[in-house]
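Chemist: The residues making up each chain are set out below.
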Amino acid sequence: MYVELKNISKKFGDFKASDNVNFKIEQGKLIGLLGPSGSGKTTILRMIAGLETPDEGDIIINGVKVNDIEPGKRGIGFVFQNYALFRHMTVYDNIAFGLVVQKAKKEDIHKKVTELIELIGLKGLGKRYPSQLSGGQRQRVAFARALAPNPQLLLLDEPFAAIDAKVRKELRRWLKETIAKLGITSIFVTHDQEEAVEVADEIIITNKGQIEQKGSPIEIYKNPKTPFVAQFIGESNLIDDYTKLKGFEVDEKKKETKAILRPEFIEIAKNSKEILTPLAAEKGIVKDIAFRGNNIQIDVQIGDEVLNGYRSLEQEPLKIGEEVLVLIHKVYTFNDKKAEVLENKIKTQEISVYI
Amino acid sequence: MKYKLGKTLINKSENKFIKYGLIIISVLFLILMLIIPLISIISEALSKGFNAYVKAISEGYTIKAMNLTFITTIIVTVMNTLFGVCVAWTITKYKFKGKNLLGALIDLPFAISPVIAGLIFVLTFGRGSMFEGILKQTDIRVVFAIPGIILATLFVTFPFVAREIIPLMNAQGTDEEEAAAMMGASGFRIFRKITLPNIKWGLIYGVVLCSARAMGEFGAVSVVSGHIRGKTNTLPLHVEILYNEYQFSAAFAVASILVIIAIIILIIRNIVEWKSKKEV
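From first to last, the protein sequence lines stand for chains E and U. Take 1 as the starting number for the first sequence in my numbering and just add one per residue. Take 1 as the starting number for the second sequence in my numbering and just add one per residue.
There may be inaccurate statements among the hints.
Cut-off 25 Å, straight-line C-alpha distance, at most; resulting in silico cross-link-like pairs (BS3-like, lysine-lysine) [said to hold, decoys possible]:
| no. | chain 1 | residue 1 | chain 2 | residue 2 |
| --- | --- | --- | --- | --- |
| 1 | E | Lys246 | E | Lys214 |
| 2 | U | Lys193 | E | Lys111 |
| 3 | U | Lys95 | E | Lys208 |
| 4 | U | Lys48 | E | Lys73 |
| 5 | U | Lys95 | E | Lys11 |
| 6 | U | Lys93 | E | Lys16 |
| 7 | E | Lys127 | U | Lys97 |
| 8 | E | Lys11 | U | Lys200 |
| 9 | E | Lys11 | U | Lys97 |
| 10 | U | Lys93 | E | Lys106 |
| 11 | U | Lys136 | E | Lys127 |
| 12 | E | Lys246 | E | Lys222 |
| 13 | E | Lys246 | E | Lys208 |
| 14 | E | Lys127 | U | Lys99 |
| 15 | E | Lys105 | E | Lys6 |
| 16 | E | Lys103 | U | Lys193 |
| 17 | E | Lys11 | U | Lys99 |
| 18 | E | Lys319 | E | Lys16 |
| 19 | E | Lys270 | E | Lys208 |
| 20 | U | Lys95 | E | Lys105 |
| 21 | U | Lys278 | E | Lys127 |
| 22 | E | Lys176 | E | Lys112 |
| 23 | E | Lys270 | E | Lys176 |
| 24 | U | Lys93 | E | Lys73 |
| 25 | E | Lys222 | E | Lys16 |
| 26 | E | Lys166 | E | Lys123 |
| 27 | E | Lys270 | E | Lys258 |
| 28 | E | Lys112 | E | Lys181 |
| 29 | E | Lys319 | E | Lys283 |
| 30 | E | Lys244 | E | Lys103 |
| 31 | E | Lys208 | E | Lys338 |
| 32 | E | Lys16 | U | Lys95 |
| 33 | U | Lys200 | E | Lys112 |
| 34 | U | Lys275 | E | Lys127 |
| 35 | E | Lys11 | E | Lys208 |
| 36 | U | Lys278 | E | Lys16 |
| 37 | E | Lys16 | U | Lys277 |
| 38 | E | Lys73 | U | Lys278 |
| 39 | E | Lys24 | E | Lys6 |
Calculated from the structure, these hints are not laboratory results.
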């Protein structure tokens, strides 16, 4: 294990920013710390960096307990949310700063900085000041500056938050590729799940100062372990009583258990020809139709619940008020304690009959 | 949108009327309150001819008062710059209890009348004070001596530097300093390479204001100085003494020195302001 947090707790006044946080990170991985704002993700990052001190617990980097080691001696590169570029220094001087502090040789500094400016695609802009750069360019400079002293660990605080949507996507891909190329262990903080899923090898989900779940994006998506994760990740329809849905009836209703239905768990069919297992499907009425570019979002009413699902553009169009068949493949059920995945019983039976 | 609304609400002729009206009022006020008094000072100073003017400002006591004023100003400005930077740093870069109280205390000299500031030092270091014994033993004179003048001026001009750079440092936050610390820079290097260049113009502006005020301080200094000619007389006090002795042209001549210095400071101030704006 490369980075390890053991029983970390941190309070700001009465506010518990970190509440007994434990996790381990392998070397070379790109980790996304994902959570809503105020969930303590930035605090975790700043404690690893040494910019905050935990009240309790140990932080171990590469086998060494770093609690009492100064930020500058932990071998960490940090990219700040607003980049924190030195505004009165040129791009070149910004990137060179860490090396100058380390008293590296002038030729070595020049070589490294030139190399990094090339890496971030800002060749020829070394003499510019931060105020003369675009948001995306500043972000790259901040990234290069953090990398210059050859850190063993790279921390990024909301690296894409201040960049407009179009540049963000491009920059995300660039960052992921570059980090993979350099092979440096990295942790980035984000509140944007799309970003976390796209960039990270592994996601750690935080909520109220605690770690909810850690795993690969697919694992977290397919198998949410806590009610919070089930609701936080992906788009979801919240259903109070899932036992009314066809295929999910139970003999004994578990009280207090709700369910989450992702749009992609729902198949909406014009008629029985469109579905493999029409018997497992439920009847519903189309309430609303919205064109969403690459697909069509359908709001469909089943009993008291309105669910939303998608249909592809190639499928036969539906009209509002039309009766359709709705097949619910699975739901995430959860109560205070746990979350689990339930499959449509009728559908599974039917398929086994076919086989 | 709001801007447009405002424009349509006040129609154009009314708008012009208000604009020129306000300009005329401001200019008249400035002429009455500043230009006329300044001209009268210069003309009074030169009323007995240029030779009398030169004689008045090169007279022994005047030169001594000038020296004392400059020495006081330099010491006070240097010390207040150091204090101001320390306090601003403490308030903006750290979190601690009583921070707001400290911020309010910095402004105290603005709120207290300078005469009372002078009295405070007379009561603290003068006869019957708690320090009297120590001061007598060590043979240090504070009240009615130069240290008293410096202390009183320090007190009165304390807020200038700190007040000028605190908002600046607050706005800039601690990100850049943290970034430098992450790369292993020492505290002193961070201050020299990151903080100082960022607050440079605000700091110079504060220093200029501080020195201007230190040079012209009258009330507080008047109480602690004791008006000993050639020893504890600063320029403003010297003007008052000459005036009270009915040496009007000499009094105005000495006053004109202060006016000229004030104008020079004003020009420096404007250059600083212009430069700092250009850099942003």
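Chemist: Evaluate each hint against the coordinates.
Modeler: So, going through the hints one by one against the coordinates:
{"no.": "1", "hint": "E:Lys246 - E:Lys214", "verdict": "violated, 33 Å"}
{"no.": "2", "hint": "U:Lys193 - E:Lys111", "verdict": "holds, 23 Å"}
{"no.": "3", "hint": "U:Lys95 - E:Lys208", "verdict": "holds, 23 Å"}
{"no.": "4", "hint": "U:Lys48 - E:Lys73", "verdict": "violated, 73 Å"}
{"no.": "5", "hint": "U:Lys95 - E:Lys11", "verdict": "holds, 14 Å"}
{"no.": "6", "hint": "U:Lys93 - E:Lys16", "verdict": "holds, 23 Å"}
{"no.": "7", "hint": "E:Lys127 - U:Lys97", "verdict": "violated, 43 Å"}
{"no.": "8", "hint": "E:Lys11 - U:Lys200", "verdict": "violated, 36 Å"}
{"no.": "9", "hint": "E:Lys11 - U:Lys97", "verdict": "holds, 16 Å"}
{"no.": "10", "hint": "U:Lys93 - E:Lys106", "verdict": "violated, 32 Å"}
{"no.": "11", "hint": "U:Lys136 - E:Lys127", "verdict": "violated, 62 Å"}
{"no.": "12", "hint": "E:Lys246 - E:Lys222", "verdict": "holds, 22 Å"}
{"no.": "13", "hint": "E:Lys246 - E:Lys208", "verdict": "violated, 36 Å"}
{"no.": "14", "hint": "E:Lys127 - U:Lys99", "verdict": "violated, 40 Å"}
{"no.": "15", "hint": "E:Lys105 - E:Lys6", "verdict": "violated, 39 Å"}
{"no.": "16", "hint": "E:Lys103 - U:Lys193", "verdict": "holds, 15 Å"}
{"no.": "17", "hint": "E:Lys11 - U:Lys99", "verdict": "holds, 20 Å"}
{"no.": "18", "hint": "E:Lys319 - E:Lys16", "verdict": "violated, 51 Å"}
{"no.": "19", "hint": "E:Lys270 - E:Lys208", "verdict": "violated, 44 Å"}
{"no.": "20", "hint": "U:Lys95 - E:Lys105", "verdict": "violated, 38 Å"}
{"no.": "21", "hint": "U:Lys278 - E:Lys127", "verdict": "holds, 19 Å"}
{"no.": "22", "hint": "E:Lys176 - E:Lys112", "verdict": "holds, 21 Å"}
{"no.": "23", "hint": "E:Lys270 - E:Lys176", "verdict": "violated, 42 Å"}
{"no.": "24", "hint": "U:Lys93 - E:Lys73", "verdict": "holds, 21 Å"}
{"no.": "25", "hint": "E:Lys222 - E:Lys16", "verdict": "violated, 30 Å"}
{"no.": "26", "hint": "E:Lys166 - E:Lys123", "verdict": "holds, 22 Å"}
{"no.": "27", "hint": "E:Lys270 - E:Lys258", "verdict": "violated, 28 Å"}
{"no.": "28", "hint": "E:Lys112 - E:Lys181", "verdict": "holds, 16 Å"}
{"no.": "29", "hint": "E:Lys319 - E:Lys283", "verdict": "holds, 15 Å"}
{"no.": "30", "hint": "E:Lys244 - E:Lys103", "verdict": "violated, 70 Å"}
{"no.": "31", "hint": "E:Lys208 - E:Lys338", "verdict": "holds, 17 Å"}
{"no.": "32", "hint": "E:Lys16 - U:Lys95", "verdict": "holds, 18 Å"}
{"no.": "33", "hint": "U:Lys200 - E:Lys112", "verdict": "violated, 30 Å"}
{"no.": "34", "hint": "U:Lys275 - E:Lys127", "verdict": "holds, 21 Å"}
{"no.": "35", "hint": "E:Lys11 - E:Lys208", "verdict": "holds, 12 Å"}
{"no.": "36", "hint": "U:Lys278 - E:Lys16", "verdict": "violated, 45 Å"}
{"no.": "37", "hint": "E:Lys16 - U:Lys277", "verdict": "violated, 43 Å"}
{"no.": "38", "hint": "E:Lys73 - U:Lys278", "verdict": "violated, 38 Å"}
{"no.": "39", "hint": "E:Lys24 - E:Lys6", "verdict": "holds, 9 Å"}
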